[in-house]
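Take the sequences, apply the hints, and build the full model.
For the record, the sequence lines run as chains C and L.
Count the first sequence with our numbering and you get residues 1 to 227, in order.
Count the second sequence with our numbering and you get residues 1 to 336, in order.
Hints are computed from structural coordinates only; laboratory data are not their basis.
Quick caveat: nothing in here was measured; it's all calculated off a predicted structure.
Positions of the beta carbon are idealized from the N, C-alpha and C atoms, including for glycine.
Beta-carbon label-pair distances, calculated as ranges:
no., chain 1, residue 1, chain 2, residue 2, range
1, L, D136, C, G91, 55 to 63 Å
2, L, T75, C, G39, 17 to 25 Å
3, L, K128, C, G39, 49 to 57 Å
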Amino acid sequence: MYIKPVGASFSLLVMLLFPMLLLAHDVSSGDQQILDSGGLLSYIWVGAKHMLTGYDHLLFLAGVIFFLKGFRDILKFITVFTIGHSITLLGGTYLGVQVNEYLIDAIIALSVLYKGFENLEGFKKLGTRAPNLLMMVFLFGLIHGLGLSTRLQTFDMGQDQFLLKIISFNVGVELGQIVALIPIILLINLWRDKASYEAFYKASNVYLIIAGICLFVYQMYGYFNGH
Amino acid sequence: MKKVFFGLLAIVLLCSHDMFLKMDNYFLDPNTNAAIQLFNGTFEKSENVIDRNRMLDMSLVGNGQRIQVDSAQWTEKDSITFLNFKTGGPGTWVAGVSTAAKNIALDAKSFNDYLEHDGVVDMLEWRKENNALDQDAVEKYSKHVKTIFQVGEELSDDWKTALGYPIEFIPQENPYDIHAGHSLKVQLLYKGKPLANQLVIIGSDVSGESSMVEHSHDGGEPHTHKSGETPDHDHNSGLQLRTDDAGTLEFEITNAGVWHMRTIYMVQSEEEGLTHESNWATLTFAVGSGHSAAHGTDKDEDHHAHEEESFPSYIFLLVSLVIVAGLFFYFKSKKK
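Rendered as structure tokens:
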């Protein structure tokens with residue numbers, strides 16, 4: 001399969017950036033209505049939708065995938081990320097752990113910045129060793145899960161089947177993650193052997209750094225001015 | 001025997017029978033089916049339904065129009081009266097119900113208890129000061145309730161529409177344009193004019209669990225009451241404020257969630273066969289966590305738009321595309 005370099009990079013770019021069309025990935029009235037009128041399936045649906053529109057989660061994962069080679073590696077890292085965010089999503093929501101949504105999103109933005117920086121061998125250029133990636137992905141997974149938990153807690157979930165609702169939302173998040181990752185993985189891997197991949201790799205990861213900084217500033221601005 | 005009968009009647013008819021318009025979700029999509037619930041009891045629990053023929057007015061105001069709701073649109077289930085309706089276009093809507101007056105005869109003790117427990121303290125004080133605590137009462141009462149909800153994302157001015165009820169709350173700012181941390185000013189009108197020095201009780205409900213906002217009594221320590229807790233002053237719990245000369249009061253929105261306010265304005269009646277007349281008003285609305293607010297609530301020019309509107313997504317996308325494309329061609333040309 002031959003993909004024209006510019007066309008493919010544009011496709012990937014749009015795919016990576018699509019979630020930004022829904023910038024705030026906030027709790028909407030529509031989502032609350034879906035949850036009110038549907039059963040556990042509605043939580044799966046909203047969880048999947050949230051992941052698909054959660055640009056910061058996907059940008060981080062795209063950054064992780066850029067770094068990896070081979071399906072086994074990808075499976076390992078995505079599993080670790082999934083375990084990480086599931087722990088805090090399930091535990092945080094069930095225990096009612098409340099964190100400031102702006103601050104947690106600001107930290108998630110830093111994880112995007114971190115991944116771009118690491119992919120561009122930022123640590124090497126600084127003369128230091130990068131922390132173990134698997135450990136960092138797990139750590140960031142915990143943080144992303146706390147962000148997801150914060151969003152979930154803004155819904156009026158009622159008391160019936162509370163744990164099952166959280167689990168359903170988590171299942172939805174995983175399904176959404178799979179749906180989002182398949183085209184990203186495919187395109188990155190198809191692109192890997194092309195001559196322009198290096199330029200694309202650098203451009204995408206520099207963008208992750210810029211996006212991470214911008215999102216961080218945006219969230220901190222919201223923290224100081226939005227309350 | 002007569003006193004016992006009146007006492008029981010008072011408990012059945014008046015005790016805790018506040019009326020509220022409530023919604024499961026105050027943020028609705030345009031042109032979708034929704035339901036407004038009419039609670040008659042407490043904010044947490046409806047204890048009975050309202051006869052249709054008692055509803056003098058049921059109105060929905062949105063998109064600049066006032067729609068009279070037909071009584072056939074009401075249904076009853078588990079002591080709650082439901083209004084099923086279809087939302088219209090985007091905007092901040094208001095719904096209201098006004099009931100016809102009913103009379104109730106109460107012996108002196110029952111009347112005093114009711115005044116004390118339902119926050120009609122001014123009339124109780126008057127009775128104390130004028131040695132009238134032993135006088136029985138025949139009271140005419142009616143209830144006028146409103147709720148404000150948001151349809152879609154676009155804010156509109158319908159929320160401040162006066163429905164012309166004998167007594168009603170009118171916010172001075174769109175509740176859906178503010179969020180926790182900001183104060184909200186609300187005006188209380190009685191027969192269309194500002195009602196000064198009237199006691200209003202305010203509470204909030206977070207994630208379906210009612211919680212009274214932090215308050216204190218007689219200079220005591222500030223505290224709150226959780227749902228299920230049975231304080232010794234439960235009917236008057238919540239933030240208690242009095243309206244100023246302009247009939248307004250201002251309170252801080254301490255949390256996102258559903259907010260409710262209530263007041264009972266009672267006067268002595270000259271009408272034959274009556275001793276008192278009361279008009280009850282409540283207002284409910286929700287404060288979201290995802291809406292931006294006005295900083296400096298008194299300055300309209302300081303209002304900033306909804307977060308999503310203030311930072312259009314397409315700009316983000318376009319800027320991002322330009323950045324990556326620019327970087328891509330930069331790195332590609334550098335390699336050559």
